[in-house]
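Visitor: Now for the letters of each chain:
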Amino acid sequence: MFVLTGMRAWVVQRFSAIVLLLVVPWLFISSPQINTMNYEEWRLWVSGGFNPPLIMGGFTALLFHLWVGIRDVLLDYVRHRLLRLLLLGSVAVLLFWLGLWLALILLRAL
Amino acid sequence: MEKFSRPRFLNLLQISFPATAILSILHRISGVVLTLYLPLSLVLFERSLLSADSFQQLPQLWDVLLVRLLVVAGLWALSHHMISGVRILLLDFGVGIAGEDAQRSAYVVAGASISTLLWILWGLV
Chain A
1 MFVLTGMRAW
11 VVQRFSAIVL
21 LLVVPWLFIS
31 SPQINTMNYE
41 EWRLWVSGGF
51 NPPLIMGGFT
61 ALLFHLWVGI
71 RDVLLDYVRH
81 RLLRLLLLGS
91 VAVLLFWLGL
101 WLALILLRAL
Chain B
1 MEKFSRPRFL
11 NLLQISFPAT
21 AILSILHRIS
31 GVVLTLYLPL
41 SLVLFERSLL
51 SADSFQQLPQ
61 LWDVLLVRLL
71 VVAGLWALSH
81 HMISGVRILL
91 LDFGVGIAGE
101 DAQRSAYVVA
111 GASISTLLWI
121 LWGLV
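Taken in order, these protein sequences are the chains called A and B. Residue numbers for the first sequence follow the numbering used here, beginning at 1 and rising by one. Residue numbers for the second sequence follow the numbering used here, beginning at 1 and rising by one.
Be careful, since some hints might not be right.
Claimed, not checked - Quick partial rundown of chain A residues pointing at chain B, CB under 7 Å, derived from the structure:
id: 1; residue: 39
id: 2; residue: 66
id: 3; residue: 69
id: 4; residue: 71
id: 5; residue: 99
id: 6; residue: 101
id: 7; residue: 105
id: 8; residue: 109
These aren't lab readings, by the way, just hints derived from the structure by calculation. Beta carbons are placed, not taken as given, at the ideal position from N, Cα and C, and that holds for glycine.
Build the full structure now, drawing on both the sequences and the hints.
Guide: Okay, structure coming up:
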């Protein structure tokens, strides 16, 4: 089973944090003004230029960041081994599913 | 662990926490909160792109007070998590870790976080 542990988890957490610190503010700044934009303008922004891979890449970094963070929280507070394993497994499935979901949303917007 | 008969004191209400410890737990809490917001954000993102109709329905949500509170809380959690995350990254690279610096930067982050909350409120309300 693919589980990030130890030093590797630490590196992934920090690296994804740096990616997110660059991508999230950039998306906020470059997106159209929320109170004046219309549907077409919004859809074009989401699907235009480098934005689809940028959004998908940022989201992937987010999912890895989430995995390490939630993993840390579960390891700290859930003492029961089976329950912990069950929760970790569900979170992994859920995160994977969120990634697929976003990919579908972006593909449909193209 | 009982074989070490060391004194243990774990009354969370009576332990005095330094600012750095409070910031650390707030980083964790804001992270968990943001995780809970994620599926909800994807639903909204999907609806905003589905069709012009579903896009135009979204602003109606803004009339609900609870939605406004959730948006403010979410944006604050995001900005707080990012600001205190920058501090953690700097600490990792050895910046501001010596002596009282870590304590001081914790107060800076707290100040910045409260300022962004005021900024969010000013922008949205």
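Visitor: Now look at each hint and say whether the structure bears it out.
Guide: Against the structure, the hints:
1. 39: For residue 39 of chain A, the interface hint holds, since the closest Cβ of chain B sits about 4 Å away, which is under 7 Å.
2. 66: 6 Å, holds
3. 69: 5 Å, holds
4. 71: 12 Å, violated
5. 99: 10 Å, violated
6. 101: 6 Å, holds
7. 105: 5 Å, holds
8. 109: 5 Å, holds
Checked against the numbered hints above, the structure breaks hints 4, 5 and satisfies the rest.
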